[in-house]
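Chemist: Each chain, letter by letter, is given below.
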Amino acid sequence: MEEDPRVHEAVNGALGAVGRAYDGKVHVRHIVDILINDVGIEAIEERVTRRLTGLRVAPYYGCQFSRPMGEFDDLQFPTTMDRLFQAMGADVITDWDAKTDCCGGMMMLTHREGALRLCHELLVAARQYKADVVVAACPLCEMNLEGYQPQVNAAFGTDFNIPVMYFTQLAGLALGADPKQLAIDKQVVSCSPVLAAIPA
Amino acid sequence: VSGEEANQMAEEKIGVYICHCGTNIAGKVDVETLTAWAATQPNVAVAREYKYMCSDPGQELIKKDIEEHGITRAVVAACSPTMHEPTFRKAAADGGLNPFLLQMANIREHCSWVTEDGEAATEKSKRILGAQIHRLPLNESLEPIEVPVNPNVMVVGGGIAGIEAALKLAQAGKKVYLIERDPSIGGHMAMFDKTFPTLDCAACILTPKMSAAGKEPNIEMLAYSEVTEVEGYVGNFKVKVRKKPRYIDIDTCTGCGLCTEACVVRKVPSEFDQGLSNRSAAYIPFPQAVPLRATIDPEKCLTLRGKKCKQPCVAACGPDAIDFDQKEEFVDLEVGAIIMATGFQLWDPTPETRYGYGVHPDVITSLEFERISNASGPTGGHIVCKNGEPPKSVAILHCVGSRDDNHQEFCSRVCCMYSLKFSHLIKEHLPETEVYECYIDMRCAGKGYEEFYERLMNEGVHFIRGRAAEVSYVGLSEAEEGRLVVKVEDTLLGITRRLPVDMVILSSGLSPRADAKETAQIFGFGCSANGFYLERHPKLEPVSTVTDGIFIAGACQYPKDIPDTVAQAGAAAAGALALVDNATVKVEPTISYIDPEKCSGCHICVGLCPHAAIQYNEEKGVAEVIEAACKGCGVCVAACGSGVPQQRGYLDEQIFAEIEGAMAL
Chain D
1 MEEDPRVHEA VNGALGAVGR AYDGKVHVRH IVDILINDVG IEAIEERVTR
51 RLTGLRVAPY YGCQFSRPMG EFDDLQFPTT MDRLFQAMGA DVITDWDAKT
101 DCCGGMMMLT HREGALRLCH ELLVAARQYK ADVVVAACPL CEMNLEGYQP
151 QVNAAFGTDF NIPVMYFTQL AGLALGADPK QLAIDKQVVS CSPVLAAIPA
Chain B
1001 VSGEEANQMA EEKIGVYICH CGTNIAGKVD VETLTAWAAT QPNVAVAREY
1051 KYMCSDPGQE LIKKDIEEHG ITRAVVAACS PTMHEPTFRK AAADGGLNPF
1101 LLQMANIREH CSWVTEDGEA ATEKSKRILG AQIHRLPLNE SLEPIEVPVN
1151 PNVMVVGGGI AGIEAALKLA QAGKKVYLIE RDPSIGGHMA MFDKTFPTLD
1201 CAACILTPKM SAAGKEPNIE MLAYSEVTEV EGYVGNFKVK VRKKPRYIDI
1251 DTCTGCGLCT EACVVRKVPS EFDQGLSNRS AAYIPFPQAV PLRATIDPEK
1301 CLTLRGKKCK QPCVAACGPD AIDFDQKEEF VDLEVGAIIM ATGFQLWDPT
1351 PETRYGYGVH PDVITSLEFE RISNASGPTG GHIVCKNGEP PKSVAILHCV
1401 GSRDDNHQEF CSRVCCMYSL KFSHLIKEHL PETEVYECYI DMRCAGKGYE
1451 EFYERLMNEG VHFIRGRAAE VSYVGLSEAE EGRLVVKVED TLLGITRRLP
1501 VDMVILSSGL SPRADAKETA QIFGFGCSAN GFYLERHPKL EPVSTVTDGI
1551 FIAGACQYPK DIPDTVAQAG AAAAGALALV DNATVKVEPT ISYIDPEKCS
1601 GCHICVGLCP HAAIQYNEEK GVAEVIEAAC KGCGVCVAAC GSGVPQQRGY
1651 LDEQIFAEIE GAMAL
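Going down the list, the protein sequences come from chains D and B.
Going by this note's numbering, the residue at position 7 of the first sequence is 7; the numbering climbs one at a time, nothing skipped.
Going by this note's numbering, the residue at position 419 of the second sequence is 1419; the numbering climbs one at a time, nothing skipped.
The set of hints was computed from the structure by calculation and includes no laboratory data.
Among the clues, some could well be false.
To be verified - Computed list of lysine-lysine pairs in DSSO-like fashion (alpha-carbon distance at most 30 Å, straight line): (1) B/Lys1586 x B/Lys1539; (2) D/Lys130 x B/Lys1392; (3) B/Lys1487 x D/Lys130.
To be verified - Some chain B residues flagged as far from chain D (calculated, every beta-carbon gap over 12 Å): (4) His1069; (5) Ala1202; (6) Arg1266; (7) Glu1329; (8) Glu1352; (9) Tyr1355; (10) Gly1388; (11) Asn1406; (12) Ala1445; (13) Asp1561; (14) Pro1589; (15) Glu1618; (16) Glu1627; (17) Phe1656.
No experiment lies behind these values; they were computed from the predicted model shown.
By construction, the Cβ of each residue, glycine as well, lies at the ideal position given by its N, Cα and C atoms.
Start from the sequences, fold in the hints, and give me the full structure.
Modeler: Below, the structure is given as structure tokens:
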């Protein structure tokens, strides 16, 4: 809308019908971008009260993370979450090539077979790289990878029980938040091995 | 325009010649209308149109009109003057007219090719032509300036292109300075194992040429040197070359290699082996190096980095050739022609993260594979993975960085063929190993190339038509576990495939050298949009540049295989020879002059002239143009506050007349 006045006009023409208008000035940004580039890794590091020492973390970015233009991270091999959790003391898996593979997204509702296959591949990758926990940058990725593990196991005859968190949950732990406050006790796959693995 | 000039203008008889250029011009511009219009313009005596003005009968029209109709000025409305101005000026001269009384009106590149609407194109062509008709009465007769030619030639770059060009010129009896940036000549070809499609060993055909270049009395080799400044003009270039310090006296060193063995810094990644082996800080890049002399790497040598070292190299050196106090040296050369043969660099596949180069150790580049398969390479010619085991299967991924909107749009031309060569070498060394080639199209255009492809299809190589999507380390089955998996869509079968392999070779494209633009700037020519050196004409002048006397050869112009590179090197040598074999050369007289009556001696132009072609005459207190050095760039014309310097052929009144002519409709 900022770049093309015709788009601006068309949008506001449509909104005008219901007595609304939009100036197109809102910038949509990813929360990881804000944490890394506005707050800054050093400032975050200073506030860490519970270091994630020894925890093997697989940062899972998903396929849309730095799309479409790659404004704050590489399109195909993003690393911002790697740096965030490294600063928190975790043993971050930096070289796993599945980090931007698709989790199936909304296909879990419309084409479950395909989405389960994609989640299966991701879980295989997480296990192969010996991840203690997968952290996702997108809530839908998180839900697919965690919530559908029983269905993946049923479909592929596997026994996955890999903890998956939204990245703010694990970051919250490191910054001293109460696990309950972070709803870690409400996960489908239990995160108690994660809690047990990091020093209190 | 004064009264006298107006009178003179009235006496001029202008001939107008409008070219159809087949349908190139006539397809858009209504040439009949344009011709009829031109005939009504002031001073125009004849206006003609012809299908191809540049053909013999076309040129004949101009000559005949000069002779029979007493035409005193002419304008050819056709293509760009960079294309055919010399052709038509010669025709005018043949007819007895001073060539500078003929002008070109570019109604092709500037009009018919870039205008969609025919009527608009015709109107525009009138303005372009009108500008020239209007300025022609003000044109002056000019005589070319004849300058002596220095018979020596400089060749920049010691790869196969540079070596070939230097040898050819030396054989013709010319003195050649061969400049090479690295410690040895040889370039990329010296790194290769075999060459496609004949499979002759690269070293066997290259090293004799390298050593011939080293021994040739007419070739003065300046290895480990770089050109820093180029001045002058066709036939008379002045070049400054920086000889980097080797910290070895090149005349005393015998190339025995004892210093390289004695050196304590032993873990420097070898450039020649693509980092797959180590060299010492004192090193000879490869055993066949020319000149076969040691070099000490100042960034690695302990002594040169100011650290403590017992200097065992000094003790080991019999002839006492090591000199830690050596400094860089600048050499001034004078040459008549220059051949640029600075080559290419392999496209670095790191940004193509989906292939995992730099992440998975067994994902390697084509140049790395060249070294691995080479008998004198880091593995002694054994094709092995990083763990030392021979691969059970190998995937070769085509078009990495090439034919890709995200990276390089162009086809690198050599990768299909070298990939086929790799497949053959793998099958030859390891007959049981499966080889997969993932390609978009097989481009095997060249003598014996398609036949080589046919041969490989019968050697059991799997050809999969599809650009590889990804190389993953995640195994979904037992067969995949612990191996690399290439994900690819097989567009012939219409399925996606997962290929478990132990080694992935990335057939990376060829890129312009990282500093190609700066280098071109030093020499005064340009680069194409893709970054390679720009030739003067893509078809008819592929080895010339816009700067007279500077030629280009090999992959610095565009990706090229060895046969094409050698052919182009010969052509560049012939171009240089055709120039320096003459005692003199005629240079364009369209240069600047300064009227001593008007010059105030303020010095502004003296300092601004990029070619040092203006000197200050202390005695007369005025600036003077050195005719042979002036390139007619016009900087002084624009810079002078009083408008004193004027460029012949581009005088202020001529330019204003053009503008008036263009605006007159």
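Chemist: Does each hint hold? Answer for all of them.
Modeler: These are the hints, each one checked on the structure:
no. : hint                  : verdict
1   : B/Lys1586 x B/Lys1539 : holds, 25 Å
2   : D/Lys130 x B/Lys1392  : holds, 26 Å
3   : B/Lys1487 x D/Lys130  : holds, 23 Å
4   : His1069               : holds, 58 Å
5   : Ala1202               : holds, 34 Å
6   : Arg1266               : holds, 29 Å
7   : Glu1329               : holds, 44 Å
8   : Glu1352               : violated, 8 Å
9   : Tyr1355               : violated, 9 Å
10  : Gly1388               : holds, 22 Å
11  : Asn1406               : violated, 9 Å
12  : Ala1445               : holds, 32 Å
13  : Asp1561               : holds, 31 Å
14  : Pro1589               : holds, 51 Å
15  : Glu1618               : holds, 60 Å
16  : Glu1627               : holds, 53 Å
17  : Phe1656               : holds, 40 Å
When held up to the earlier numbered hints, the structure conflicts with 8, 9, 11 and fits the remainder.
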